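Asks: Given next are the chains, with one letter for each unit.
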Amino acid sequence: MKNVYIHPTSIVETDNVGENTHIWGFTHVMRGACIGANCNVGEHCFFEAGVTVGANVTIKNGNELWDGVTLEDGVFVGPRVSFTNDLYPRSPRLAQAAKRYRTRDWRLPTLVRYGASLGAGAIILPGLIIGEFCMIAAGAVVTRSVPGYALLVGSPARVVGWVCQCGKRLDLAGSVATCPDCSLQFVKEADILRPLMQEQVAS
Amino acid sequence: MKNVYIHPTSIVETDNVGENTHIWGFTHVMRGACIGANCNVGEHCFFEAGVTVGANVTIKNGNELWDGVTLEDGVFVGPRVSFTNDLYPRSPRLAQAAKRYRTRDWRLPTLVRYGASLGAGAIILPGLIIGEFCMIAAGAVVTRSVPGYALLVGSPARVVGWVCQCGKRLDLAGSVATCPDCSLQFVKEADILRPLMQEQVAS
Amino acid sequence: MKNVYIHPTSIVETDNVGENTHIWGFTHVMRGACIGANCNVGEHCFFEAGVTVGANVTIKNGNELWDGVTLEDGVFVGPRVSFTNDLYPRSPRLAQAAKRYRTRDWRLPTLVRYGASLGAGAIILPGLIIGEFCMIAAGAVVTRSVPGYALLVGSPARVVGWVCQCGKRLDLAGSVATCPDCSLQFVKEADILRPLMQEQVAS
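Chains as they are written, first to last, in my numbering: chain A, 1 to 203; chain B, 204 to 406; chain C, 407 to 609.
No lab work stands behind these hints: they were computed from the structure. Accuracy of the hints is not assured; some may be wrong.
List time: in silico DSSO-like cross-link candidates among lysine-lysine, alpha-carbon distance up to 27 angstroms [what the hints assert, rightly or not]: (1) A:Lys-188 / A:Lys-168; (2) B:Lys-371 / B:Lys-391; (3) A:Lys-188 / C:Lys-505; (4) B:Lys-391 / A:Lys-99; (5) C:Lys-574 / C:Lys-594; (6) B:Lys-302 / C:Lys-505; (7) B:Lys-205 / C:Lys-574; (8) B:Lys-371 / A:Lys-99; (9) A:Lys-168 / C:Lys-505.
Per the computed footprint, the stretches of chain B lying under chain C, defined by three or more beta-carbons under 8 angstroms from a beta-carbon of chain C, are [stated by the list, open to error]: (10) 276 to 288; (11) 293 to 299; (12) 319 to 330.
If you want the ones that stay clear, here's a sample from chain C, every Cβ over 10 angstroms from chain B, calculated [unchecked claim]: (13) Thr-420; (14) Gly-480; (15) Pro-485; (16) Arg-486; (17) Pro-498; (18) Thr-549; (19) Ala-579.
Keep in mind the model is a prediction, meaning the values are calculated, not measured. For every residue, glycine included, the Cβ atom is placed at its ideal position computed from N, Cα and C.
Please work from the sequences and hints to get the whole structure.
Replies: Structure follows, in structure tokens:
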């Protein structure tokens, strides 16, 4: 692997780590996990086989990514976000539950889309899609899929506003908004917020 | 210890680990802790002296079990469940609190009964009994003892349904239910759900 | 450093650790962090450069203290409290967010005052002051600054009572209270609870 930094206390068993990625201490990346280029992975993390992480992702300390978790490019994972992949877990060693764990059918995926942010200690139920550029507040418990650009807080998490690609909160006047920081314009139609493309802005 | 796997980065100071148990990396088991047979213990865990874990238990990554925590057979502990043993903690090094910490009277136990499941990031207040085969949702904050077979969600956690021994949700028609997956039958009397024994089913 | 215990699996890169402080396993203290005398620091912790911890502080396992976090003397940090220092985080490697991370202006501080207790799994939003001798319940999500001596629970955390310096709950009769354990007297004026000084008690 080219120009990858791995702290001496960490264990990286995959060859699939992209260029310029840093992996800090006490972290374990299993064979079969895949981490893109230019990422920063904090301490005390765990990447199970079957995890895919894109490029330019920041993963703070204490994160455990299970088989089935995919992070697209540019995602931010705050400290100790809880991912899950089993909707009603039992110990597979428990006789009454063993049958369900004979196959991998119990395993549900999680997809975190481009540029999304997951706040500290957030909890993500299994089988959900976390929309692009959304922002999940610290401590939120996410029980449903999340629309792009949405700001969610609470337990269970609910949409309380909308944010720009840069993270700044948007003030929706009617169904349009302009980011005060980066001037990106947005339009909201049928509960979906989307950025206006340059051509649309110009017309 | 017979046929026990301990990852080379882990520290196990007790001899009380049962046969066929696996202990993964960066985990510390103190002298005086006891772990049963056929368990799976994830990474970045801590077992304090005074902890007792039964057989066939699955403990995912990042769990810290304090003195006074007992897990019966077949329990599932999701990633980073928070156990506690002090109802109103202060730093024992703080002069105003030092008196209380001269004895161990402040320490409250936690008992997790046979086959129960604790979801990712759940928080268990001290001094509680977590009933057999109950299921605590990810992110729930458990502030009262939990009846067997109950499904709990939220902060504070409240009972929202009932589950079978296999984990499947039960649909109570009146006061009886049959698991759609494993055909186990249940009856509910005075807020207590219990499985019908075979003799009762036959009669 | 004089009489400092550092577990052999830990990495301590600062010389600023006070006398009689213990640092347990799998913990990393960065150069530029500062920890006072007579502290106890648990396993799987991380102290970033820019962290300041006073004397007589107890920090349980799994805590990550980021640049900008200050703990005064006698503070208790339960297992896996989430501190934060960015109000709307994005991956700094994301092109749309890179501008904001060119300076350190995004970084908000956290100040935890003398004798406060933070319960297991609590989440502390950035930019707040956590008042002296307050008690944050396990699992609380703290979104506003906290008055001294207040007891907070829930998500978002709200004040539900008041506690003594020793941690015991106070029963406010009107606007005055006396701790049943240590006899310290308190008076409440305009939503602020404060201990009566000895002279005031005598008069």
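Asks: Each of the hints needs a verdict: does it hold here or not?
Replies: Hint-by-hint comparison with the structure:
Using a Cα cut-off of 27 angstroms, the hinted pair A:Lys-188 and A:Lys-168 holds, with the two alpha carbons roughly 17 angstroms apart. The hinted pair formed by B:Lys-371 and B:Lys-391 meets the criterion: a straight-line CA distance of about 17 angstroms does not exceed 27 angstroms. Distance hint between A:Lys-188 and C:Lys-505 is fulfilled; the C-alpha atoms sit about 26 angstroms from each other, no more than 27 angstroms. Taking the CA atoms of B:Lys-391 and A:Lys-99, the gap is about 26 angstroms. The hint holds against a cut of 27 angstroms.
A distance of roughly 17 angstroms separates the Cα atoms of C:Lys-574 and C:Lys-594; the hinted pair therefore holds under the 27 angstroms criterion. Under the criterion of a C-alpha separation no larger than 27 angstroms, the hint pairing B:Lys-302 with C:Lys-505 is inconsistent with the structure, at around 52 angstroms. For a cut-off of 27 angstroms, the pair hint linking B:Lys-205 to C:Lys-574 is broken: about 47 angstroms separates their Cα positions. For the hint linking B:Lys-371 to A:Lys-99, the alpha-carbon distance of about 12 angstroms falls within 27 angstroms, and the restraint holds.
Between A:Lys-168 and C:Lys-505 the CA atoms are separated by roughly 12 angstroms; this keeps the pair inside 27 angstroms, and the hint holds. Proximity of the segment 276 to 288 of chain B to chain C, defined as three or more residues with a beta carbon under 8 angstroms from a beta carbon of that chain, is established by the 4 residues found. Counting residues of the segment 293 to 299 of chain B whose CB falls under 8 angstroms from any CB of chain C gives 7; the rule of at least 3 is met. Proximity of the segment 319 to 330 of chain B to chain C, defined as three or more residues with a beta carbon under 8 angstroms from a beta carbon of that chain, is established by the 3 residues found.
Residue placement check: C:Thr-420 keeps its beta carbon more than 10 angstroms from all beta carbons of chain B (closest about 20 angstroms). For C:Gly-480, the condition that its CB be more than 10 angstroms from all CB atoms of chain B is violated, with the nearest at approximately 4 angstroms. Listed as outside the interface, C:Pro-485 is inconsistent with that label: its C-beta sits roughly 5 angstroms from the nearest C-beta of chain B, within the 10 angstroms cut-off. The claim that C:Arg-486 lies off the interface is violated: its Cβ sits roughly 6 angstroms from the closest Cβ of chain B, which falls inside the 10 angstroms cut-off.
The beta carbon of C:Pro-498 is kept farther than 10 angstroms from every beta carbon of chain B, the shortest such distance being approximately 25 angstroms. For C:Thr-549, the requirement that its beta carbon stay farther than 10 angstroms from each beta carbon of chain B is met, with the minimum near 14 angstroms. Under the 10 angstroms C-beta cut-off, the non-interface status given to C:Ala-579 relative to chain B holds; the minimum distance is some 20 angstroms.
Violation of the numbered hints given earlier is confined to hints 6, 7, 14, 15, 16; the remaining hints are satisfied by the structure.
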